[in-house]
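> Chains as they are written, first to last, in our numbering: chain A, 116 to 553; chain B, 231 to 361; chain C, 1376 to 1903.
No lab work stands behind these hints, which were simulated from the structure alone. Just so we're clear, the structure is a prediction, and the values are computed from it rather than from any experiment. We treat Cβ as the ideally placed atom computed from N, Cα and C, and that holds for glycine. Do not rely on the hints blindly, as some may be mistaken.
Using 27 Å as the maximum straight-line C-alpha spacing, the simulated DSSO-like pairs for lysine-lysine come out as follows [to be verified]:
1) B:340 with A:415
2) C:1458 with A:415
3) A:433 with C:1581
4) C:1557 with C:1581
5) B:299 with C:1581
6) C:1407 with B:299
7) A:433 with C:1557
8) C:1811 with A:415
9) A:415 with C:1407
10) C:1458 with A:433
11) B:299 with C:1811
12) C:1728 with C:1557
Going by beta-carbon spacing under 8 Å, a handful of chain C positions derived as facing chain B [as the list claims (entries may be wrong)]:
13) 1593
14) 1888
15) 1891
16) 1892
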Amino acid sequence: MTRYTSITDVDLREMLAEIGVDSVEEMFADVPAALRLNRSLALQDGLSEQQVNAELSALAARNISADDEITFLGAGMYDHYVPALVDSIISRSEFLTPYTPYQPEVSQGGLQAMFEYQTAISELTGLPISNASVYEGPSAVAAAGYLAKLHNGRRRFVISAGVHPHAIEALQTLARGWEMEVELAPLENGLTQLPDLDDGVSAVIVAQPNFLGAIEPLEEIAAAAHEVGALAICAADPIPLGLLVPPGEQGIDVVVGEGQTLGNHLNYGGPSFGFFAVSEPLMRRLPGRIAGQTRDLDGKLGYVLTLQTREQHIRREKATSNICTAQALNALAGVIYLSWLGRQGLVELAELLTKRTAYARERLTAIPGVSASHSQPVIREFPVTVQGDLDGVIDACHSAHINPGYRLAEDQLLVAITERRTRAEIDLLADTIEGALA
Amino acid sequence: MADPEYPEDLRYHAEHDWARIDPATPDEATFGITWYAQDSLGEVVFFTPPAVGTTVTAGESYTEVESVKAVSDVLAPLSGEIIATNVDLADNPQAINEDPYGAGWLVRVKLSDPSEADALMDAATYSATLS
Amino acid sequence: MSTMVIPPDATARAVSNLQSADDTLTIFERSKPGRRAFTPPPLDVPDRPLDELIPQRLRRAVPAALPEVSEPEIVRHYNRLSKRNFDLDTGFYPLGSCTMKHNPKLHERLAALPGNARLHPLQRPAAAQGALELMWNLQQALADIAGLPHVSLQPSAGSHGELAGVLLTRAYHEDRGEVRTKVLTPETAHGTNPATVTMAGYEVVKLATDPDGNIDLDDLSAKATDEVACLMLTNPSTLGLFEPNIARIAQIVHEVGATLYYDGANLNAIMGISRPGDMGFDIVHFNLHKSFTQPHGGGGPGAGPIAVSDRIEPFLPRPQVVRRAAEASGEVGGQRATNESEWFFDLDEDRPKSIGRLRGFQGNYGVFVRSYAYIRSLGHDGLREASEVAVLNANYLLARLRAEGVLEQLPAAYPRLCMHEFVLSGAPMKANLGIKTLDLAKRLLDHGVHPPTVYFPLLVDEALLLEPTETETRETLDRFAQTLAGVLREAAEDPEIARGAPYTTPVRRLDEAGAARHLVLRQPIASP
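Kindly generate the complete structure, drawing on both the sequences and the hints.
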């Protein structure tokens, strides 16, 4: 018996008798002898809770987290402040431990939370219909590609080099199976240069802001896509959407994105969640769970999973996706966080990020040898080109307990600013870089 | 429609689809799904017919009917070209449950080979297959 | 023994301070302009007009209509919502195919440690040795459980792992210059299997099962041609039965050069007892949110790592967690993290034959922490014991149901010893008592348990799939059997009660058809 099971010797004897067998072994009679593992698993002995706690705490202590350094590292996930109420609410048993809401009468909490989350994402993206979450950002881009493929059956994607590299790769991985081409559109001065499109293009995919922090002209891009009958897909960063024109209002058909910055910790890359919103005509192509409002027998308002005929458990090989388990708890964290920020708060946060980022870019590009890699307006992240020993600069930063950002290239750094990065910390980064280059 | 009904004047395909041929217009037929089909599906929530002009082939699927818990292929009992579709079903898909042989009709077809109807079953033969 | 007789027209429901008229207000409806929970840090950099930084034409004219509420309102709102949820910590949850076993509380503390929760995924490996070592150790453990040496932790859920498996198969055949177009799945397969096949660009071919619920070997032999890329199976099957012919099945599949894929959803029956790799499977996925205790979260997060054989290894997703001798790598541990180990753990991107990435970064690391803690807690003996007790509990529950007379109305679809789950058919109950499996499930809600899985697998008429798991006490199983028997007795007297159930839940039966016909998928918000 381990601490998670409760069958005593007495229980065992009586249970075996009730079943009508003499041993546990008899219940495995269907497993052929040749397939029995005739040794222990190659694992160590089990440990007490206290021992496991000690061992895993020691492992965690060997990581340099955002608590241990001043981090300007972004490139897809960001060191935002997660308010205490998020963790407190999502750690409740009633949210943490149930399964997907297949019995809606006893799952109204989770279903209503999904409905609220869908509403929040719809507001951010400017599209009427959101699902209840997908895994994360990059695989959401690949899933959006699958939607386009099912929608128009064409053979080619045009994807901006400004989309997160992991998303581009995820799309390429899946597109191979669909025998579809993935054409990369380059960036110039930070913005996407679309090639001439034709009716072989299934979808045009861009990011907003893009990987280099620049704000793309979505309206033009969507128009170009629609002119050849292609879908316009945008991978968006949710906090900047507090400030920017919603992609859905600029003609974008599908908005997806990474939700980590909405109330989820960095978690070394996961779990977080992906969001996925579509225009009305694409509603029946939407992957994943969707919660819908309805009434019960007594006329009381309630929620159910709806449009399930899109999904794998009903549509099987004709489903819009194979997704089953998604990221419901992380999406709940997201809607709690967005409620905490609130209508005004999200705007204020995005404005603060914009002003601090502008300051950071000014300070850094004032350093001899450091220049802005592009001149586009930015909200939370920007690349700089460094003429000099960037390796040495980075080492100097590490020694000062600073993580200066993501190494984009031999001579390029991508610097991210969140509301946790104070002016003093930005100044420290600048001084350290300047000192190292001098 | 609460109880099973299989009107005598219709011809039936084994996969639970019916065809009505009005003697006045022998080269046209109306298609729909039978009481058994709508009962198995449950409450119909969505139906979009294919476009007018689409060719349909006897025994092959030409559209789908969606209920809350299932999606069903609808097979054409006879071959031909769609000349009309039941647009009212967009707002009122439950007509397929309530009146599968009347207001729940799906499409009207100009037949390419009316003699195919001979291969379909009459009401008695079809309902015998259901027990 | 508890009996609850609620006449169909009863309006009395458990009245408590947990139900109030404004229960169904959404957080948006509680909003009032001016309320707030968040205050931004003060602006400490020189203020610039926003127009100078972001031209007005790029900015939204109207803010997103997020709620305006204070912290206490948010806490109370979601707290009250939570109380309208049934959950595993609170009650028995025998959902077949879902493995609803206890979620150890230690795991939440460990996942929340700053070294885990506050670690950026792009942190340089030298400064993430604890995380990488944990992932490496988890990989080794899963490899031994699967009986296949090479593991990728990247897929985010079981379906994602399935997709990886089929894409790996494609890469394997393409590397050999072979073009294959079909994937075989049994008709009893979980819906994710055929959906995955289509997503990966293959055609689904269904396999028949024989009267005992096993794969029909004749059908398999007929359909296993060199057009077939893969056979996807779970063992035990979704019927809770071990496939006795698995060695022969593997032989047939391998003879035509196809791969054999293992859907790990039912692994809880065989950990430490039998291994998919030894059965002949080439690719295995694990559901860490099933056998390895990651809490289900109401629909995720989960994780779907895969284990593969040597011949599939070159195609694994990128990056892979690898281990190198520390001195040879020339790496030094991070500032505070002196490298005590002889090993340096790294992320290897140099994989020329890899299928590429399936998602960003390294996968659901927070889930890995919990699963690894579980594996370290149980060890080799504990994992095997978990499977033994899972199978014991399922057989015991079946025996108790028989003793209580339940099986007369709900016979076992396959009347023999089961593994970790078993299927009953509600067809006799429907014919004799006039209530369907759905009605039975809804009436169970009134008894404070979550019903088993209903109407799956599709092969069994009015199916009820029960999986108690190993973490339930015998008393809980006894009580559940009695409860089921009680519901059947009640139905024999008055079937209307179950048909109108549930009565005591926060809402009663919901109009799902109405929800699908009149779609309301978000809160409409009046413009300001």
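> It remains to establish, for every hint, whether it holds in the given structure.
Status of the hints after comparison with the structure:
no., hint, result
1, B:340 with A:415, "48 Å, violated"
2, C:1458 with A:415, "17 Å, holds"
3, A:433 with C:1581, "14 Å, holds"
4, C:1557 with C:1581, "10 Å, holds"
5, B:299 with C:1581, "21 Å, holds"
6, C:1407 with B:299, "39 Å, violated"
7, A:433 with C:1557, "15 Å, holds"
8, C:1811 with A:415, "24 Å, holds"
9, A:415 with C:1407, "24 Å, holds"
10, C:1458 with A:433, "36 Å, violated"
11, B:299 with C:1811, "15 Å, holds"
12, C:1728 with C:1557, "22 Å, holds"
13, 1593, "25 Å, violated"
14, 1888, "4 Å, holds"
15, 1891, "4 Å, holds"
16, 1892, "5 Å, holds"
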